[in-house]
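*Asks:* Take a look at the letters that make up each chain.
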Amino acid sequence: GREELVKGQGRGCLLKEIHLNVTDLGLGYRTKEELIFRYCSGPCYDAETNYDKILNNLTHNKKLDKDSPSRTCCRPIAFDDDLSFLDDDLEYHTLKKHSAKKCACV
Amino acid sequence: CEGSSGLYFPQSTYSETIYVGQPAGAPVLQVHSMRERPSEEPYFCLSWRNIQKPPLYAAWFHLDPLTGVLYMNKTLEWTDFDSLSSSTLGYTRKLTLKVAAAPVSQKATCIHHSRVDVSLTFINATAPSCGQKMEKLCFPDGDISSHIKENRLPGALRQLRRFTHADICPNYTISYRVEADSPVPFAVNNATSELVVTAPVDREEKELYRLIIVCNVRTADMLHRLDTPLLINIYDEDDTAPYVNGTDSEDVLIEFSRSEGTVFGHVFVYDRDTTPSYPKDQTENKFVGTLMTNDSWIKDTFTILHGFREEKAMFGNVRGTVHEYKLSLSRNVLVDERRSVQLDYLVNDTTYPGTEGTVMLHFNITILPVPIQFSNITYIFVLSRKSSIYSQIGKVCVDNCLKFKGIDIVYQLEISDRNVSSDVLSCYTTVNVARSLEEMSGVLYVNDTKPFYRPECQELQYVLVAQEQQKQLQTKTHLLIIFDGEAEVLRAERPRSLTCAEKRQRGECETFKGMGAPTGRCHWRQGTDKGISENYSTCSPDLRTCPDGYCDVIESKNMSICPQDCTRVPIIGGHERGLMLGIKAGYGTCYCYSEKCFCEQDEMEEPICDDMCKTIIATAV
Numbered sequence: 001g002r003e004e005l006v007k008g009q010g011r012g013c014l015l016k017e018i019h020l021n022v023t024d025l026g027l028g029y030r031t032k033e034e035l036i037f038r039y040c041s042g043p044c045y046d047a048e049t050n051y052d053k054i055l056n057n058l059t060h061n062k063k064l065d066k067d068s069p070s071r072t073c074c075r076p077i078a079f080d081d082d083l084s085f086l087d088d089d090l091e092y093h094t095l096k097k098h099s100a101k102k103c104a105c106v
Numbered sequence: 001c002e003g004s005s006g007l008y009f010p011q012s013t014y015s016e017t018i019y020v021g022q023p024a025g026a027p028v029l030q031v032h033s034m035r036e037r038p039s040e041e042p043y044f045c046l047s048w049r050n051i052q053k054p055p056l057y058a059a060w061f062h063l064d065p066l067t068g069v070l071y072m073n074k075t076l077e078w079t080d081f082d083s084l085s086s087s088t089l090g091y092t093r094k095l096t097l098k099v100a101a102a103p104v105s106q107k108a109t110c111i112h113h114s115r116v117d118v119s120l121t122f123i124n125a126t127a128p129s130c131g132q133k134m135e136k137l138c139f140p141d142g143d144i145s146s147h148i149k150e151n152r153l154p155g156a157l158r159q160l161r162r163f164t165h166a167d168i169c170p171n172y173t174i175s176y177r178v179e180a181d182s183p184v185p186f187a188v189n190n191a192t193s194e195l196v197v198t199a200p201v202d203r204e205e206k207e208l209y210r211l212i213i214v215c216n217v218r219t220a221d222m223l224h225r226l227d228t229p230l231l232i233n234i235y236d237e238d239d240t241a242p243y244v245n246g247t248d249s250e251d252v253l254i255e256f257s258r259s260e261g262t263v264f265g266h267v268f269v270y271d272r273d274t275t276p277s278y279p280k281d282q283t284e285n286k287f288v289g290t291l292m293t294n295d296s297w298i299k300d301t302f303t304i305l306h307g308f309r310e311e312k313a314m315f316g317n318v319r320g321t322v323h324e325y326k327l328s329l330s331r332n333v334l335v336d337e338r339r340s341v342q343l344d345y346l347v348n349d350t351t352y353p354g355t356e357g358t359v360m361l362h363f364n365i366t367i368l369p370v371p372i373q374f375s376n377i378t379y380i381f382v383l384s385r386k387s388s389i390y391s392q393i394g395k396v397c398v399d400n401c402l403k404f405k406g407i408d409i410v411y412q413l414e415i416s417d418r419n420v421s422s423d424v425l426s427c428y429t430t431v432n433v434a435r436s437l438e439e440m441s442g443v444l445y446v447n448d449t450k451p452f453y454r455p456e457c458q459e460l461q462y463v464l465v466a467q468e469q470q471k472q473l474q475t476k477t478h479l480l481i482i483f484d485g486e487a488e489v490l491r492a493e494r495p496r497s498l499t500c501a502e503k504r505q506r507g508e509c510e511t512f513k514g515m516g517a518p519t520g521r522c523h524w525r526q527g528t529d530k531g532i533s534e535n536y537s538t539c540s541p542d543l544r545t546c547p548d549g550y551c552d553v554i555e556s557k558n559m560s561i562c563p564q565d566c567t568r569v570p571i572i573g574g575h576e577r578g579l580m581l582g583i584k585a586g587y588g589t590c591y592c593y594s595e596k597c598f599c600e601q602d603e604m605e606e607p608i609c610d611d612m613c614k615t616i617i618a619t620a621v
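In the order they appear, the protein sequences are chains C and F. 1 is the number of the first residue of the first sequence in the working numbering; add one for each residue after it. 1 is the number of the first residue of the second sequence in the working numbering; add one for each residue after it.
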């Protein structure tokens with residue numbers, strides 16, 4: 001939720017969730033188990049600094065050759081608990097750091 | 001003095017229901033005690049958990065000390081039910097009594113003898129009237145299994161009548177009888193309605209009797225027949241002696257395997273009695289073994305391992321015990337030890353009452369010395385100048401070294417001619433030897449690649465020394481390394497990383513010079529399986545050793561050689577971890593930056609044109 005946001009930084013950067021099958025994750029596991037996947041999404045314009053504005057201008061004016069340094073983006077700063085599941089061959093797997101718990105513009 | 005008699009109860013618990021209005025003097029149930037000797041006439045008494053302070057309801061009951069019949073001492077009133085405190089509300093109360101049995105001669109101490117639980121359910125209602133279910137008249141609710149011990153006296157075992165229900169239908173006549181598939185030593189005493197065992201039984205013949213108790217109820221106009229199954233378990237005692245089947249001796253040869261804990265040979269001892277595992281301090285049918293020797297060398301070197309298990313098929317479908325005795329080394333045996341010893345082991349069935357309760361086992365042990373030597377060969381290896389550092393050149397092994405266990409061999413390289421010039425002497429840093437971890441062989445590997453670029457380094461003559469560590473036995477052979485091919489041109493700028501495993505595609509893999517590659521180039525393994533597979537796609541310096549699921553002695557020298565086998569850190573993406581280290585199976589392509597590995601499906605994979613697609617193209621053309 002909204003209260004999870006770091007104050008004053010990136011009010012558009014939110015924690016969202018989607019209900020998925022483990023197979024949707026595309027990691028190759030064969031199982032019928034499901035999970036709630038949480039991810040960070042949203043704009044980070046309001047968290048930008050002079051540094052970001054300068055980079056934006058330099059990139060726009062093609063002053064940095066082909067280089068394109070990354071700008072502020074909405075990323076997890078904490079992860080959900082581990083997820084364990086049984087696959088179709090009755091073997092256990094555990095996913096770590098697979099789902100976001102807290103988001104921020106970094 | 002508890003349990004000093006042979007008396008025992010053939011049931012673990014007795015239970016019955018009692019009702020309001022049940023009159024004083026009415027029988028409730030009857031307990032039975034089985035005897036070991038004819039002189040042990042049982043004497044019954046009521047016993048309480050706290051003998052000083054029996055519960056309120058203790059005075060409601062009276063037990064006939066000679067027949068074991070429990071009677072009501074008072075007529076039960078509605079107020080009696082209310083007087084019983086209970087943690088739960090409801091229409092029933094549970095009354096717990098204990099009955100003890102002692103031989104008549106010890107009746108003064110009766111309450112200290114073996115006891116059985118009697119559980120009475122007091123229902124807050126009057127007894128049901130006649131016309132209820134016939135089953136209730138004939139048999140109690142729930143399981144009615146019994147047990148008796150083998151080899152004991154015949155006698156009454158259980159009361160079949162439900163005393164509390166007998167007066168409900170005074171006009172009915174109820175009688176019982178036993179039915180079974182084959183003749184059984186059980187019958188019903190028609191005068192008393194007791195189930196009686198008619199002869200001593202033998203557990204080694206039959207462990208479980210399945211009886212059908214038939215109850216005939218004669219009403220005014222009809223005869224009703226009702227059946228219920230009754231199981232009688234026969235309890236075991238140690239009444240058979242141990243024996244061997246065929247041989248009581250085993251020949252044991254100790255040669256290449258001589259490490260502490262190695263197990264040789266086994267001899268079986270059979271016993272038709274069962275051996276309980278619990279409780280742990282049980283002495284029943286316990287076997288005690290003794291090593292029959294005074295020789296301290298034998299005592300310090302060998303131990304006999306004993307295990308037992310229950311088997312049924314070989315004892316005529318009745319449970320019996322198979323004991324297994326194995327010889328085990330309690331220390332490493334030296335390589336030059338040569339000895340023949342006979343080891344006798346006495347097995348004693350301590351609870352068998354006869355004199356035949358022992359068996360003697362024999363282990364005929366031959367210990368042969370192991371010569372530490374190289375067969376008459378000189379090792380010759382051709383080494384490409386293109387090889388990378390940590391490439392594996394080959395293995396060296398003293399005779400039979402792959403069979404060694406408990407023999408410690410260290411390999412070393414020495415330069416055969418020490419009088420060569422210092423220029424030539426520095427060529428010899430090229431090769432080194434390491435001891436492989438799982439077997440007693442040595443692994444030759446490239447330790448330095450600089451000599452490849454120097455013209456004076458052409459061929460290396462070493463002396464390979466193998467030394468056994470306990471007795472310092474040494475043996476030597478010649479080792480010749482011949483350089484082959486041209487060295488790669490030295491680039492001024494060396495790449496920052498030399499890990500083949502970093503490469504994610506066949507093209508960039510096969511042109512890369514990685515650490516541990518004998519040809520100087522990395523090799524690509526193309527996985528073909530879908531999903532998470534042990535045959536994942538990856539880039540390796542040497543497909544014979546990497547990835548093979550095992551982090552060998554050379555690979556463990558540097559994490560960059562084969563992180564697929566050696567990584568210790570968590571793997572990202574779909575995978576199965578190796579037992580201790582490395583990736584057991586991965587999804588798509590697995591690649592690693594230093595020790596951190598990733599497994600993922602390559603996104604650049606082009607969709608394959610299937611039959612349907614081909615048809616469409618053909619039609620379009």
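What the hints contain is simulated information worked out from the structure, not anything from laboratory work. No residue lacks a Cβ here, since even glycine has one placed at the ideal position from N, Cα and C. Among the hints, erroneous ones may be present.
[To be verified] With a cut-off of at most 20 Å between alpha-carbon atoms, the simulated EDC-like pairs for lysine to aspartate or glutamate come out as follows: (1) F:K530 with C:E91; (2) C:K96 with F:E595; (3) F:K530 with C:D87; (4) C:K97 with F:E595; (5) F:K405 with F:E260; (6) C:K96 with F:E600; (7) F:K530 with C:D65; (8) C:K97 with F:E576; (9) F:K584 with C:D67; (10) F:K530 with C:D24; (11) C:K96 with F:D417; (12) F:K530 with C:D81.
[Stated by the list, open to error] Reference excerpt, derived from the structure (chain C facing chain F, CB under 8 Å, subset only): (13) G26; (14) L27; (15) Y29; (16) K32; (17) R75.
[Unchecked claim] Distance ranges between label pairs, derived from CB positions: (18) C:K62 with F:G531: 18 to 24 Å; (19) C:K32 with F:S12: 43 to 49 Å; (20) C:R30 with F:L425: 46 to 52 Å.
*Asks:* For each hint, tell me whether it holds in the structure or not.
*Replies:* Going through the hints against the structure:
Between K530 (chain F) and E91 (chain C), the direct Cα distance comes to roughly 17 Å. Compliance with the 20 Å bound is thereby established for this hinted pair. With a CA separation close to 18 Å, the supplied pair K96 (chain C) and E595 (chain F) stays within the 20 Å bound. Distance restraint check for K530 (chain F) and D87 (chain C): the Cα-Cα separation of roughly 15 Å lies within the 20 Å cut-off, and the hinted pair is therefore satisfied. At roughly 18 Å between alpha-carbon atoms, K97 (chain C) and E595 (chain F) fall within 20 Å of each other, so this suggested pair holds.
Simply put, K405 (chain F) and E260 (chain F) have alpha-carbon atoms about 9 Å apart, close enough for the 20 Å limit, and the pair holds. Under the criterion of a C-alpha separation no larger than 20 Å, the hint pairing K96 (chain C) with E600 (chain F) is consistent with the structure, at around 16 Å. Straight-line distance between C-alpha atoms of K530 (chain F) and D65 (chain C) comes to about 42 Å, which puts the hinted pair past the 20 Å bound. The hinted pair formed by K97 (chain C) and E576 (chain F) meets the criterion: a straight-line CA distance of about 17 Å does not exceed 20 Å.
Under the criterion of a C-alpha separation no larger than 20 Å, the hint pairing K584 (chain F) with D67 (chain C) is inconsistent with the structure, at around 39 Å. The hinted pair formed by K530 (chain F) and D24 (chain C) meets the criterion: a straight-line CA distance of about 15 Å does not exceed 20 Å. Under the criterion of a C-alpha separation no larger than 20 Å, the hint pairing K96 (chain C) with D417 (chain F) is inconsistent with the structure, at around 58 Å. This hinted pair does not check out: K530 (chain F) and D81 (chain C) have alpha carbons roughly 29 Å apart, beyond 20 Å.
The criterion of a C-beta within 8 Å of any C-beta in chain F is met by G26 (chain C), whose closest approach is roughly 7 Å, and the hint holds. The closest approach between the C-beta of L27 (chain C) and any C-beta of chain F is roughly 3 Å, which is under the 8 Å cut-off, so the hint is satisfied. Proximity of Y29 (chain C) to chain F holds as hinted, the smallest CB-CB distance being about 6 Å (cut-off 8 Å). Interface hint at K32 (chain C): violated, since its Cβ lies 15 Å from the closest Cβ of chain F, which is beyond the 8 Å cut-off.
At about 16 Å, the closest approach between the beta carbon of R75 (chain C) and any beta carbon in chain F exceeds 8 Å, and the interface hint on this residue is violated. Distance hint for K62 (chain C) and G531 (chain F): a CB-CB separation of about 45 Å, inconsistent with the stated range 18 to 24 Å. With their beta carbons about 46 Å apart, K32 (chain C) and S12 (chain F) fall inside the hinted range of 43 to 49 Å. Taking 46 to 52 Å as the suggested C-beta distance range, the pair R30 (chain C) and L425 (chain F) does not conform, at roughly 60 Å.
In this structure, the earlier hints numbered 7, 9, 11, 12, 16, 17, 18 and 20 are contradicted, and the remaining ones agree with it.
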